[in-house]
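Using the sequences and the hints given, assemble the complete structure.
First to last, the sequence lines map onto chains A and B. FYI, in the UniProt record's numbering the residues of the first sequence are 1 to 747. FYI, in the UniProt record's numbering the residues of the second sequence are 1 to 161.
All clues stand as given, with none of them false.
Derived coverage of chain A by chain B (criterion: at least 3 residues anywhere in the stretch with Cβ under 8 Å from a Cβ of chain B; other residues may be distant):
1. 8 to 15
2. 24 to 30
3. 241 to 254
4. 646 to 659
Incomplete in silico selection of chain A near chain B, CB under 8 Å:
5. 474
6. 637
7. 643
Don't read these hints as lab results, they were simulated from the structure. Since the model is a prediction, treat every value here as computed from it, not as a measurement. All C-beta atoms in this analysis are idealised placements derived from N, C-alpha and C, irrespective of residue type, glycine included.
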Amino acid sequence: MNVVSNKWIGQRTIRPDGADKVTGRAAYAADATMPGMIWGKILRSPHPHARIRSIDTSKAEALPGVKAVVTAKDIVDFPVDTPVPLGIQDMRWMCRNVMAREKALFHGHPVAAVAATTEEIAAEACRLIEVDYEVLPWVIEIEDAIRPDAPILHDFLRFEGRPSNIAGKLEHRLGDVEAGFAEADVVIERSFATRPVHQGYIEPHACLVSVAPDGKTTIWSSSQGQFMVRAMTSLLTGIPQSDIRAIPAEIGGGFGGKTIIYLEPVAVMLSKKSGRPVKMVMTREEVMRATGPTSASRSTVKIGARRDGRIVAAQGTFYLQAGALPGSPIRGAAGCAFAPYDIPNVHSVGYDVVSNRSKVAAYRAPGAPIGAYAVECVLDELAEALGMDPLELRLKNAARQGTKAAHGPVYPRIGFAETIEAALAHPHYKAPLGKRQGRGVACGFWFNAGGESSAQVNVTEDGNVVVTTGHPDIGGSRASIANITAELLGIDYRRVSVLIGDTATIGYSNLTGGSRVLFASATVVTQSVEKVITQLRERAAKIWGIDPDAVKWEDGQALPAGDNAGRFPPLTLKQLAAKASETGGPIGAGVQLNTTGAEGGFATHICDVEVDPELGIVRVVRYTAFQDAGRAIHPGYVEGQMQGGVAQGIGWALSEEYVYDRQGRVDNASFLDYRMPVCSDLPMIDTVIIEVPNPKHPQGVRGVGEVPIVPPLAAISNAVYNALGRRFYSLPMSPPKVLATLEGAAA
Amino acid sequence: MAKLHVSTTINGEPVEFLCSPQQSMLEVLRNTLGLTGTKEGCGTGDCGACSITLDGRLVCSCLMLAAEAEGREIGTIEGMAQGDRLHPLQRKFLELAALQCGICTPGVLVAAKALLDRNPDPTETEVRYWLAGNLCRCTGYDKIVRAVLETAAEMREEAAR
Numbered sequence: 001m002n003v004v005s006n007k008w009i010g011q012r013t014i015r016p017d018g019a020d021k022v023t024g025r026a027a028y029a030a031d032a033t034m035p036g037m038i039w040g041k042i043l044r045s046p047h048p049h050a051r052i053r054s055i056d057t058s059k060a061e062a063l064p065g066v067k068a069v070v071t072a073k074d075i076v077d078f079p080v081d082t083p084v085p086l087g088i089q090d091m092r093w094m095c096r097n098v099m100a101r102e103k104a105l106f107h108g109h110p111v112a113a114v115a116a117t118t119e120e121i122a123a124e125a126c127r128l129i130e131v132d133y134e135v136l137p138w139v140i141e142i143e144d145a146i147r148p149d150a151p152i153l154h155d156f157l158r159f160e161g162r163p164s165n166i167a168g169k170l171e172h173r174l175g176d177v178e179a180g181f182a183e184a185d186v187v188i189e190r191s192f193a194t195r196p197v198h199q200g201y202i203e204p205h206a207c208l209v210s211v212a213p214d215g216k217t218t219i220w221s222s223s224q225g226q227f228m229v230r231a232m233t234s235l236l237t238g239i240p241q242s243d244i245r246a247i248p249a250e251i252g253g254g255f256g257g258k259t260i261i262y263l264e265p266v267a268v269m270l271s272k273k274s275g276r277p278v279k280m281v282m283t284r285e286e287v288m289r290a291t292g293p294t295s296a297s298r299s300t301v302k303i304g305a306r307r308d309g310r311i312v313a314a315q316g317t318f319y320l321q322a323g324a325l326p327g328s329p330i331r332g333a334a335g336c337a338f339a340p341y342d343i344p345n346v347h348s349v350g351y352d353v354v355s356n357r358s359k360v361a362a363y364r365a366p367g368a369p370i371g372a373y374a375v376e377c378v379l380d381e382l383a384e385a386l387g388m389d390p391l392e393l394r395l396k397n398a399a400r401q402g403t404k405a406a407h408g409p410v411y412p413r414i415g416f417a418e419t420i421e422a423a424l425a426h427p428h429y430k431a432p433l434g435k436r437q438g439r440g441v442a443c444g445f446w447f448n449a450g451g452e453s454s455a456q457v458n459v460t461e462d463g464n465v466v467v468t469t470g471h472p473d474i475g476g477s478r479a480s481i482a483n484i485t486a487e488l489l490g491i492d493y494r495r496v497s498v499l500i501g502d503t504a505t506i507g508y509s510n511l512t513g514g515s516r517v518l519f520a521s522a523t524v525v526t527q528s529v530e531k532v533i534t535q536l537r538e539r540a541a542k543i544w545g546i547d548p549d550a551v552k553w554e555d556g557q558a559l560p561a562g563d564n565a566g567r568f569p570p571l572t573l574k575q576l577a578a579k580a581s582e583t584g585g586p587i588g589a590g591v592q593l594n595t596t597g598a599e600g601g602f603a604t605h606i607c608d609v610e611v612d613p614e615l616g617i618v619r620v621v622r623y624t625a626f627q628d629a630g631r632a633i634h635p636g637y638v639e640g641q642m643q644g645g646v647a648q649g650i651g652w653a654l655s656e657e658y659v660y661d662r663q664g665r666v667d668n669a670s671f672l673d674y675r676m677p678v679c680s681d682l683p684m685i686d687t688v689i690i691e692v693p694n695p696k697h698p699q700g701v702r703g704v705g706e707v708p709i710v711p712p713l714a715a716i717s718n719a720v721y722n723a724l725g726r727r728f729y730s731l732p733m734s735p736p737k738v739l740a741t742l743e744g745a746a747a
Numbered sequence: 001m002a003k004l005h006v007s008t009t010i011n012g013e014p015v016e017f018l019c020s021p022q023q024s025m026l027e028v029l030r031n032t033l034g035l036t037g038t039k040e041g042c043g044t045g046d047c048g049a050c051s052i053t054l055d056g057r058l059v060c061s062c063l064m065l066a067a068e069a070e071g072r073e074i075g076t077i078e079g080m081a082q083g084d085r086l087h088p089l090q091r092k093f094l095e096l097a098a099l100q101c102g103i104c105t106p107g108v109l110v111a112a113k114a115l116l117d118r119n120p121d122p123t124e125t126e127v128r129y130w131l132a133g134n135l136c137r138c139t140g141y142d143k144i145v146r147a148v149l150e151t152a153a154e155m156r157e158e159a160a161r
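Here's what the structure looks like:
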């Protein structure tokens, strides 16, 4: 840790983008316009599964005002037999997701697109496109998709030698589970189900694209990574990356759902064909039908312990719904499920199952809440069977420094046990409960991530600082970067501007996702600032005619040190900036790195619920989240991540779910019928930040964004059991389900 | 169809525009008048991102026809700060980190101001039910509710002075 003074790190400073966001100035994807701009619209499949025999666009093209029509023929095809990985995605699936090729694979799957002078004409032209479909049998739910007689989505997928909807399998093994279970005094095995839930960002996907006659392409869009937008658009349109400038608009929420693209390559081809800038904005209904969500799941978890509470074996099987194309987050489910615990024998398996619904996108700690839901509910039953306090059981088995996790790593210093100890000691855990109230606890883990990051730190001529990084700021990361820069330079944070560069102005930076942004960007910003400080010391040394090693940087100024101490008056950043030209030119430095050392994040949650037996409504009445943040650079935004993740977890547990009708269509594709928590549904969400610094980061940062959504599903389930004496093994615990269960119990 | 001519007042200033009969106020604000601070999250009146005031009353501009603005007074997020002086709610949202991505923030601020204009001393429950029409997916509402309550307390103190 090279931070000694902590004048700004840990302070609740005002975010650099704040004034823009409270006054309506901040420009999001749909807020931009260009001269000559026209509007793009997508025609979507009315069938959940259908072969596309032909598409006739002639009538649409003849409609006055229509400037271009695009189909799959205009998008680069990646044949299914050759993988083309890009990050965690595969372009074989991306090209088929942005525009249906051989088949429409879900209701809402894009089949064609139109650009016209108005939105109305574009919509009218979509209606004039004639698609000849051969309607095919379809399948949506996991249990239906893995039946031997299920309709097969993809002829090229084989599992265990046969055509199958199982697109992949991932397995983690540690020790010998059979031998482990033989040692156990108590074994609990249960099965669980969760429904698909949407990321629920309030800003629909949107983009504004211009392709000039020379092929130079500008993309203004909202995403979790402008470099991802550039790379995927390049691959899908054939335009070289160097000709594409992807500008990150302010992003109105993503939660993983904007780590892939939907509109950009389509808009590029429409712009290329029409010669006009093209704007595309999804409706909420399109967002709900054709983007995200995350997987539904079917899980079975078995855990065995000795009478003293020591867990000796654990086994988990997790089936996750991928949607129309392979790629569900089985790694998060199977990998994170048992990761908080020191268990000698583990076997964890995930299956990736395709079916006729929209392809899943990442959603906050992808897969991890599904795994933790099953494991943490089984642990609750195990604690009950052993007569142990559920937190004491977890503390006894908590992973610590040196624990070997089934998914691979041996943990360095982690703060997991500290989160449980803090929960045990917290007044919430001992507070009396009211009538029909119950308390539950659960823990959670997320891998966190490092990866590629770039930064440029420039000193302005008037002695202030501009920092540019390459990750879209989704939850306040600019504020944290300002704190760190101000701390290291010893200047007021208000003298630091923090910007997100576009693909032409900053070096490659990986996605905003995986709780990696502050870990990675703080690393490259720190190294850039250190280089700037070296330059400042050299400039001062030159002015004073002494050796740079005899100059130290302190409190925003250069001071002569050692034998020279006191020989010259200090030189401030402003003074050095003013003399920059004569001492060697502009002052600034950039660093580009593939960062490593992002260690896992851990949390423990306590939840109190109250159940209304007349209406079946479960209300969360008190919630406290404990999390090891490593170092909270801006505590307000760390708390914000914790509170937001908990609220999303509450929605997943109690009210959110995709409902399909008998034609295989999403039946609740609106914010009215897809019920995310609103302000009156929730209590205050209390947070306790624990700081066990990450030894592999200059400020000790661990990712904080994902972990908070991992424990709530089980914490709430366990609290409902505590209130009612009945366990639910599927989510959401919505009023109809709770009521049916209570009435069933009474009958 | 011929366009309609509408004369209205937006944030205290006289404004004229042409619109088609079916156009929403939201569409005209954003696409005709360039007032993009008002956001579209759903277009069906379920998320509150497009909240504005119509003669002081809180409405979803996506559910209002632009032609209805004739002779009325409209308030949007762009009219909330006075010059470079932020409204106390805007200041408090920044101080308390009551926003993350910020897309719901204009609507939440317009709605919160409409509440405090009516009820300078709301309880937490009143704030939560008043803002129940404004979806926020980032914050879990905690810091938003605290910011509204703290602003109300400060504005009452200010008024008592």
